[in-house]
Every structure is written in structure tokens, then in C-alpha cells.
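Q: Listed in order, the protein sequences are those of chains D and Y. Residues 1 to 242 in this note's numbering are what the first sequence lists, from first letter to last. Residues 1 to 242 in this note's numbering are what the second sequence lists, from first letter to last.
Incorrect hints may have been included.
Identical copies carry no separate label here, and so any pair may be met within one copy or between two of them.
To be verified - DSS-like cross-link-like pairs, simulated, lysine-lysine; straight-line CA separation at most 30 Å:
#1 Lys44 <-> Lys240
#2 Lys69 <-> Lys52
#3 Lys69 <-> Lys203
#4 Lys28 <-> Lys154
#5 Lys131 <-> Lys28
#6 Lys52 <-> Lys131
#7 Lys28 <-> Lys203
#8 Lys240 <-> Lys154
#9 Lys131 <-> Lys69
#10 Lys154 <-> Lys203
#11 Lys52 <-> Lys154
#12 Lys154 <-> Lys44
#13 Lys69 <-> Lys44
#14 Lys69 <-> Lys154
#15 Lys203 <-> Lys52
#16 Lys52 <-> Lys240
#17 Lys44 <-> Lys203
#18 Lys44 <-> Lys131
#19 Lys131 <-> Lys154
Because the hints were derived from the structure by calculation, they are not lab data. The structure presented is a predicted model; accordingly, all values stated were derived computationally and were not measured.
2 protein chains.
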Amino acid sequence: MDEGPRFSPLYRQIKERLLAGLEAGEWKPGESIPSEVDLATRFKVSQGTVRKAIDELAGEFLLVRRQGKGTFVATHTDEDHSQYRFLRLRPQEGEQEYPASRLLDCHRGRASAEVARMLELRLGEGIVVLKRVLYFREQPVVLDEICLPGSIFKGLTAARINGYSGSLYSLFETEFGTRMIRADERIRAVPADGEAADSLRVKERTPLLCVERVAYTYGDRPVEFRRGLYRTDEHFYANKLA
Amino acid sequence: MDEGPRFSPLYRQIKERLLAGLEAGEWKPGESIPSEVDLATRFKVSQGTVRKAIDELAGEFLLVRRQGKGTFVATHTDEDHSQYRFLRLRPQEGEQEYPASRLLDCHRGRASAEVARMLELRLGEGIVVLKRVLYFREQPVVLDEICLPGSIFKGLTAARINGYSGSLYSLFETEFGTRMIRADERIRAVPADGEAADSLRVKERTPLLCVERVAYTYGDRPVEFRRGLYRTDEHFYANKLA
DNA sequence: GAGTGGTCTAGACCACACT
DNA sequence: GTGTGGTCTAGACCACTCC
């Protein structure tokens, strides 16, 4: 009956130990981890075995290797545009752009059945709800509603968000120690309701993309549920299939 | 000025030689390639170097490794559901399902400006156009229009498609020697026009997902452009972000 | 048991970044 | 030059599949 793995290679055990170190905050986002030789010595294995463990973590974008410099903990805070790793919107014409954000609302609430299920909370547990609009070239394109577990994001306020110059995920990892490492999205087409029409400056019932995202941190723990409504007259959602 | 790679490691050269063999049809989809030891001997490198080349090809889903059995050329024809590798539609409720297809039309035409650009053809070059509906549980969910270069798909007819019991990509690789190895999709929300409303049994102007796909074969050559209109009242488009 | 892919080691050398 | 990750080798042994 049981279908658990009967065999765990050494490099995977090393991977788990590195993962534990990352989760425990032994090395912080943007910092470098010890060299492969150091880790091999510490774990009493060969460098090749450490390499294979790091290879997998780099493949999952938890670590970033830089030849000649070292291996670094991935971050949503980098100067380059890795802060927009999860943004799939592209302009119909012209170069890739990055959005400006305007916060509409930030309040406490209680988990509905839907949110509780998505975030693995109990019904009615405390959450934080954000609303915001994303602008490309001064044009509103995305209306986001974002639900977060209150227990993790205790001190989160509108002022805190508005006073921060970076992406939300950058703020989450810097100020709340919670790193988003992967996410699942579900996409549907819906008609704009009054609020969306208003915020995005389209007519009611205009077709919009409805993008629901659950983002996960270490250990596959869900820590964000968001629903975005996207205008797609001048942008599209890009996806690569392999 | 030039930014080409200054250095190509051995395993990447081996990878290119394997790729050339795949493209030339030296090993056909579903068949096994020679063992790592054989290839190492043939290419006069160590087994580890061959391994690394195969690792990359397996990571791109061009090869599939099976411990104890060998390494096989990937296919869209497998009994398992790898034939639906590119299908991202999931039911809102219940288990994953796989669609039935009904061909509406198959005719020759000439490449419009848009299609010519997408398929890297000259304006007016011969193409084949397919229209079909995909059904989940007897319900129409997707209306597809598929454009293919006429030069590659010479003998493609409605009869040929209807007489084939497998996915389109399976037919393409089996009968036309053209394997789809990756694809880019662009997703927007659009209102149903008369034809879509009719085919999908929804009201006109119902919001639908518009999914445009360009599929590529070896050497990044585009060989299919399709536009799908998806009902998303009982299904959604699933995507994993990492 | 023979053959295949998968793991692990130890050591040599290359490419790159910093100082 | 020194230290980092990246490549390559050769060989031993493990896990899985099939005969």
C-alpha cells in the first residue's frame, strides 16, 4: 500500500539539510552560502555530492550560482528584475515593462470558506486583505485582491507598504521573513463588475482575465491567496510550455 | 560587440550531436537510444560527460530516462497521458479529464500577415487550416483554429485526421515526422463572437479565454500557430510559477 | 546474471571574479 | 595569486528490469 520513497540518495539528504538551513534563516536572501568545498567538509561527503544537491536547489530557483563568486540565496529584492519573477504580463507591443502599484486598501478580516481552504486556515481565522491597482505606462491594468494569514503578517499596514520601495514579495521577505518560492495560478475569463470597471477604466462586462494565485513558502505552506483581474486589450499573459 | 558564447563545454557538444541525431531521425519517438556506455565509447568521452548531455535533453523533455531499461526518445504518442503534455485545462471540480475532438473543417489557404509572421513564412505561402471543437464530458469547451505550413503537412486531410485515434501532435509526429517540442502561449480575455457562441453553446459576448500558441520543432522552427477559445465556466487554465 | 541508468568518490584542470 | 564555481575523467558500487 505505502508508496513512500524506499531509498534516498545522499545528495538528497544534503539537499534537505541545506533546505533546513535556508528555512531556519541560517543564510539570508541575497547572502552567499558556504563554498562547495566547505559544505563537503562539513557534511563529510565529496564535493560532487554537494554540487548535485545545490544543482537541484538552483533548478528550483532557491539558490543562484555565480561562477567565480559563490552561491547565493535567491531573493525577490535584487536590482535586476528578479523581483518580477512571477509577473507574466507582457505588452502587446514594445518592450517588457514593469508596473507601478497603487494601494487602494489594507484591512484585517476573517477567512471565508474559500480563503480558509486556499491558505489552509480555519474558517474565520484572522487575515490581512490588500487591494491595489497595477499601472503600466500610467494605465491601470491589474486589480489585485490579496489575502494573507494574519498570524504571519502581524504588523502589515498601508503605511508600511506605501513607505516601501520595492515589490510586495520583496517587502514580505525583508520585513516578515517569509519568502515566496513557488505559486500555482488558475486562469479564467470573467466579465468586469462595477468595481473592476471603475478601477481599470473599462466598461462593465468587459472580458477580463481572472488570475487566482496561491503562493507557497518552504515546506509547501501556502501563505498568499490573490485574485487579479487583468485588462488584456494592450497586454497578454505569457506562458512557456515544455 | 559580438556576444556569442566564448566557450562550449564538451558535454554541450555531445548534446548537439545527440540533438542532430534526433532531428535526423536516427532514433525515432518511443525508441531507445544507445546506452550511456555505448555513447561514451562512440564519442570518445567519459560516461559522466554523456550523462550530463542526456540530463539536459531529459530536462527539456526530448529524452526520457528509465532506470534499468534505457533512455528513450520522447513522444506525444504514449499510452500514458504525455500526449496531453501541453493541455493546461483542468476541471473546476473533480479529477483531470481528457477531451474528445470533433473536426469542423480542414482546408488549404494562404498565410495572412499575422500567420506568416508567427510561422516565419512568406506572405501568401500555402498553409493548412483546421477547425475543431474539444469536448469534455460531452460538453464543448474549446474552439480551435490551427494553422500549419503547407510545405510540411502536404497530405493532411480531414479523412486522415478523423481516421486517426490519437492526439493531433501524435499524428504529426507519426505521419509527418514533425515533433512539437515546446510552445509559447499568449492569453487574453475576449467576448464570444457568433461562431464561438454557436460552437461552444454560450451567449454572444460571453467572456472566453483566447489562447494563442506557437509550437516549435527542432532548431526553434515554428510549425504551428493555433488560436483557441476556451469556455471557463467549468474549467480553468492551470499554470505553475517557479 | 547481465545490462541499464543512478550514485558517489577523488583528483585534475578550466573559467571567472576579486584584489 | 587565490578562491569560487564549472568541467572532465576513471572507477567502484547501487538500484532496477528483464531474461
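Q: Does each hint fit the structure? Answer for all of them.
A: To see whether the hints hold, each was checked on the structure:
| no. | hint | verdict |
| --- | --- | --- |
| 1 | Lys44 <-> Lys240 | neither (40 Å within a copy, 36 Å between copies) |
| 2 | Lys69 <-> Lys52 | both (18 Å within a copy, 23 Å between copies) |
| 3 | Lys69 <-> Lys203 | neither (53 Å within a copy, 59 Å between copies) |
| 4 | Lys28 <-> Lys154 | within (21 Å within a copy, 58 Å between copies) |
| 5 | Lys131 <-> Lys28 | within (29 Å within a copy, 53 Å between copies) |
| 6 | Lys52 <-> Lys131 | neither (42 Å within a copy, 47 Å between copies) |
| 7 | Lys28 <-> Lys203 | neither (46 Å within a copy, 53 Å between copies) |
| 8 | Lys240 <-> Lys154 | between (36 Å within a copy, 28 Å between copies) |
| 9 | Lys131 <-> Lys69 | neither (40 Å within a copy, 54 Å between copies) |
| 10 | Lys154 <-> Lys203 | neither (37 Å within a copy, 46 Å between copies) |
| 11 | Lys52 <-> Lys154 | neither (38 Å within a copy, 47 Å between copies) |
| 12 | Lys154 <-> Lys44 | neither (41 Å within a copy, 61 Å between copies) |
| 13 | Lys69 <-> Lys44 | within (23 Å within a copy, 33 Å between copies) |
| 14 | Lys69 <-> Lys154 | neither (37 Å within a copy, 54 Å between copies) |
| 15 | Lys203 <-> Lys52 | neither (53 Å within a copy, 54 Å between copies) |
| 16 | Lys52 <-> Lys240 | both (26 Å within a copy, 24 Å between copies) |
| 17 | Lys44 <-> Lys203 | neither (64 Å within a copy, 66 Å between copies) |
| 18 | Lys44 <-> Lys131 | neither (50 Å within a copy, 61 Å between copies) |
| 19 | Lys131 <-> Lys154 | within (17 Å within a copy, 53 Å between copies) |
Hint violations for this structure: numbers 1, 3, 6, 7, 9, 10, 11, 12, 14, 15, 17, 18, all remaining hints satisfied.
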